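S.K.: As a plain string of letters, each chain reads:
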Amino acid sequence: MLDVRALVFTADMYGLQLDQLAELFGGGTLRQARALVARWAKAGLAESASLSPGSPWVWITKAGLQACGVRYSAAPPALARLAHIRAVTAVRLALQAVPAYRDAGAYWRSERRLRARLGGRLGSRDHLPDAEVHWPDGTGVSWAGECWAIEAERTAKTLARTTAIMRELLARTGDYGCPAADARVPGLPPRHARVLYLCSPAAAGTVLRARETLGSLGARIDVRMLPPSAEMPPAQPLAGTGP
Amino acid sequence: MTSRATRLLRVIAAALIALALAPVTLVAAISVTAAWRNGWPPARLYRAAAWCLPMLAVWLAATAVSRHSLGPAVAAPHLAWVDLRRHRYLAGATLLAPPAVPAGLLAGGWAWSLRLASMAALAGGRSPAAAARFDQRQWRHQVRAAQARIAAPGTVPVLTATGDFVAGAVIRTVGHPARPLAQLPASRLRAHQLVIGGTGTGKSTLLLRLWAAFIQSGLQRQAAGIAGPPLVVILDCKGGADARRIAERAGGILRASGARNVAVWPDETVLSLWALPARQLVSTLVDLIEHGSGGAAYYTDVMEAVVALAIEAPAGPPASTADFLARLDIGWLMLAYSAGDYDEQLALVRSAARQVPDIALRFRTLFRRLGPGLDGPGSFADADAWYCILEGTSEIAVAEAQARALVDLLASYVAGAPAGSSDPRQVLLAVDEFSAVSRRLPIWQLYERARSLGLAVQVSAQSWHGLAVRQDDRYRLAATAEGGIWLMRTPHPDPVVALAGHRASTDSSRQLVGWLRWRRHGTSRLLQIPVANPDLIRGLDVGQCAYIYRGGVSFIQVKQLVAGPAALPRSTARSAGSAARPAPDDRAAGPDVDPASPDAQLLRGQPQAPLGDISALLDQAFGPAPRRAL
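Same order as they appear, the protein sequences are chains A and B. Take any residue in the first sequence, note its place counting from 1, add 20, and you have its number in the numbering used here. Take any residue in the second sequence, note its place counting from 1, add 13, and you have its number in the numbering used here.
Hints were generated in silico from the structure; no laboratory data involved. Everything numeric in this text was worked out from a predicted model, so none of it was measured. Don't be surprised by glycine CBs; every beta carbon is placed ideally from N, CA and C. Hints are supplied without guarantee of correctness; some may be wrong.
Chain A is nowhere near these chain B residues, computed Cβ spacing over 10 Å in every case [said to hold, decoys possible]:
id : residue
1  : Trp-72
2  : Ala-144
3  : Gln-229
4  : Arg-273
5  : Ala-318
6  : Ala-326
7  : Trp-528
8  : Val-544
9  : Tyr-562
10 : Ser-628
11 : Ala-638
One-sided excerpt, in silico: chain A residues whose CB lies under 10 Å from chain B [unchecked claim]:
id : residue
12 : Glu-67
13 : Leu-71
14 : Ala-83
15 : Leu-85
16 : Gln-86
17 : Ala-87
18 : Arg-91
19 : Arg-135
20 : Leu-138
21 : Asp-202
22 : Met-245
Could you build all of it, start to finish, from the sequences and the hints given here?
M.R.: Structure (structure tokens):
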């Protein structure tokens, strides 16, 4: 059961590093994670390689995606996005670790899932959040029934761009992949009740200034720092190459 | 050398060349067969050849880089021949494909254009009827290809990425670009249009697509800040159960296209005739009553004077039918004008005293027949789409009066947009089955001033004669249809076809000297033939139409729009309209947000529910919030 959950998790996040896979087990060790990946690889469900400093990356193959029942295109995570993918995964793991998240049965809808729903129809001006978190109705929390947009900001964008993205996320009324006419309909409740920004120290200043620019609308934007595990581990020196 | 021998030599030479260039000949033959089978124009083969040029360029570049010379490319046919003799077919085909495919497509396009030209000039074919049969066969092939193009769900969007309207798949064009899909600029949707087609020809399907496109295009323009929100007002002048069925279908499609609320008048919602300005109200009320000319004109003048007295009374205009009928009383009128300096009006009341009860009786009868649909409260502002059902089949006089009142209400609503509003609503008035109300609805008058009001008028009728009572009015309607004329199957297309104009065509004659044998001598002459073939229009199948615009015609297989599954009941126009009004708190968009920007308008209109406190959750997951000093 845990295998399946981890498989879908890995597929949803494009791929993840073994240390994050171990963290998914709730304090599991790297050894356990390696054993799991070896089982997946043997079954042809996943592949693994060292794509960046730190632990090896694991991603799901076409057979694995079919086993998960998701229609993503099978590919290793893009090298240019590895740091961002790690940051978003760290945010998800941190949020999932909170008991209130589990108790409320919240659902993480990843960017890959949103993109797959769009099926290549993303307009050049549209912006996809890094994830959505759906809080089911009828749970004890005061924000039950809400949908949050999650944005992980590692590097600072321009103030204008950040403000435009915030406004777009807050103004959207339709689901991603809905008819264009439904995307932003005046008078309908917003799709995202809030937008949660997780920032690196370098990006936090711009995000906070952009939030202030929005005035009272900024009350729907929450800003926090990225968890420490979002940082890519430093490169290890190769064995035997030291002075 | 005799001419027969010369011809024989030419044939042999052509056969030898074709054999020597066998791969090119093969590709050309395949492409001509495909073009014949699918009814493609030669341009499509030329375009395919052009798309092959990158392959040729890459092949030449790869050869030049790997062999440091283009010599191997020149020797490719010989090398390929050697490969084929050694039964290495794949290697041979790989060597030949880069030059042979584009050359073959070009040759095929050229051959196909020669064939089409000779058939169009009636100079081709073995039998005297070959050209006519060829055209019929090509039409069938083009229809089949067009139907196949739109068969798969989702292949034909209502609007393209650039905002153009897509009606369906092109069957054949004359004087219009030959594209696979019938694409029109969205601006045509905002211009006057005419739709003519008999029962069961697919007219409703086309109209639904046009209305959906208008809503979608209008919402895009609104989002871009170019115009105000769209409004579609449909007058279904046929009425009955069929109108209600179409209203339900239209409601689903329009909602799926982005309309927040669709009002069905008078079944589900009402409008208020009494919202008209006083002057306009007098004119509309008088026009609602059928009156004659000659001696009856005197009575009409008296009626207009009495109605004006009732409407323009010092107490203000009436607010309802009951209020108005109560005023058509000599006692009420005397009392209303007794206080103040109204001697002239009082004299008018006294002189019309004998006619007032008759006038009251006529209006009482009129409003009883009209029903409560115009007694308010309600306005066109309350919904994005209005489907108005007029019982034109069962009660023509009532439908005529209702149509007149609704059109006046709409014109007043459009003309009365708030002063200084930069983005007036984009309005489409669609009058379906116009013949039912054409006698007393001079819609061409609306045409004249509609453009300045930002109102597009779309008139549809079952036939040319159903457009208007008088021939002049019919031509006036057709000639001012700047957005084009949609012609479905109709037995009398000639007047509209004549509007499309003529084009030059070649008519060739040949001399038949025996069984399927022609002499190689003949004559050709240029003649003018209609751009739109009226016989093709008479024979159009269900869902096919001819779109006539600027001296050209596109025959189109219209793609049917299917509404999504039945939605939960929407709020009525009145409640939905009030819900859709922007929240009063303009600060919601932020202090430095351009209030006219689409996002700002959207954000202002969004309901602002109080948000719960999530800081404890976030603190637990990510730590405390960062300070602004960062």
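S.K.: Now tell me if each hint is right for this structure.
M.R.: Status of each hint after checking the structure:
1. Distance to chain A confirms B/Trp-72 as a non-interface residue, since its nearest Cβ pair spans about 29 Å, more than 10 Å.
2. Listed as outside the interface, B/Ala-144 is consistent with that label: its C-beta sits roughly 46 Å from the nearest C-beta of chain A, beyond the 10 Å cut-off.
3. B/Gln-229, annotated as away from the interface, has a beta carbon of chain A within 10 Å; the closest lies near 5 Å.
4. Taking the minimum C-beta to C-beta distance to chain A, about 6 Å, the non-interface status of B/Arg-273 is violated against the 10 Å cut.
5. Here B/Ala-318 stays apart from chain A, with its beta-carbon at least about 46 Å from theirs, past the 10 Å limit.
6. At roughly 39 Å from the closest C-beta of chain A, the C-beta of B/Ala-326 stays outside 10 Å, upholding its exclusion from the interface.
7. Distance to chain A confirms B/Trp-528 as a non-interface residue, since its nearest Cβ pair spans about 60 Å, more than 10 Å.
8. The beta carbon of B/Val-544 sits about 35 Å from the closest Cβ of chain A, which is more than 10 Å, so the claim that it is off the interface holds.
9. Chain A leaves B/Tyr-562 outside its interface by the beta-carbon criterion, the shortest separation being 26 Å against a cut-off of 10 Å.
10. With a minimum CB-CB distance of about 8 Å to chain A, B/Ser-628 fails to clear the 10 Å threshold, and the non-interface call is violated.
11. Its closest Cβ contact with chain A, about 6 Å, brings B/Ala-638 to no more than 10 Å, contrary to its assignment away from the interface.
12. Because the smallest distance between the Cβ of A/Glu-67 and any Cβ of chain B comes to about 31 Å, over 10 Å, the interface hint for this residue is violated.
13. For A/Leu-71, the suggested interface contact is broken, since its CB lies about 26 Å from the closest CB of chain B, more than 10 Å.
14. Restraint check, A/Ala-83 versus chain B: the minimum CB separation of about 28 Å is more than 10 Å; hint violated.
15. Because the closest C-beta pair between A/Leu-85 and chain B is about 23 Å apart, greater than 10 Å, the hint is violated.
16. A least Cβ separation of about 23 Å between A/Gln-86 and chain B goes past the 10 Å threshold, and the interface hint is therefore violated.
17. Proximity of A/Ala-87 to chain B is violated relative to the hint, the smallest CB-CB distance being about 28 Å (cut-off 10 Å).
18. Interface hint status for A/Arg-91: violated, as the beta-carbon distance to the closest one in chain B is roughly 16 Å, over 10 Å.
19. For the restraint placing A/Arg-135 at the interface with chain B, the shortest Cβ-Cβ distance is roughly 18 Å, beyond the 10 Å limit, so the hint is violated.
20. Among the interface hints, the one on A/Leu-138 is violated; its C-beta lies about 13 Å from the nearest C-beta in chain B, farther than the 10 Å criterion.
21. Nearest Cβ of chain B to the Cβ of A/Asp-202: about 6 Å, under the 10 Å cut. The hint holds.
22. Of the supplied interface hints, the one on A/Met-245 holds, with its beta-carbon coming within about 6 Å of a beta-carbon of chain B, less than 10 Å.
Checked against the numbered hints above, the structure violates hints 3, 4, 10, 11, 12, 13, 14, 15, 16, 17, 18, 19 and 20; every other hint is satisfied.
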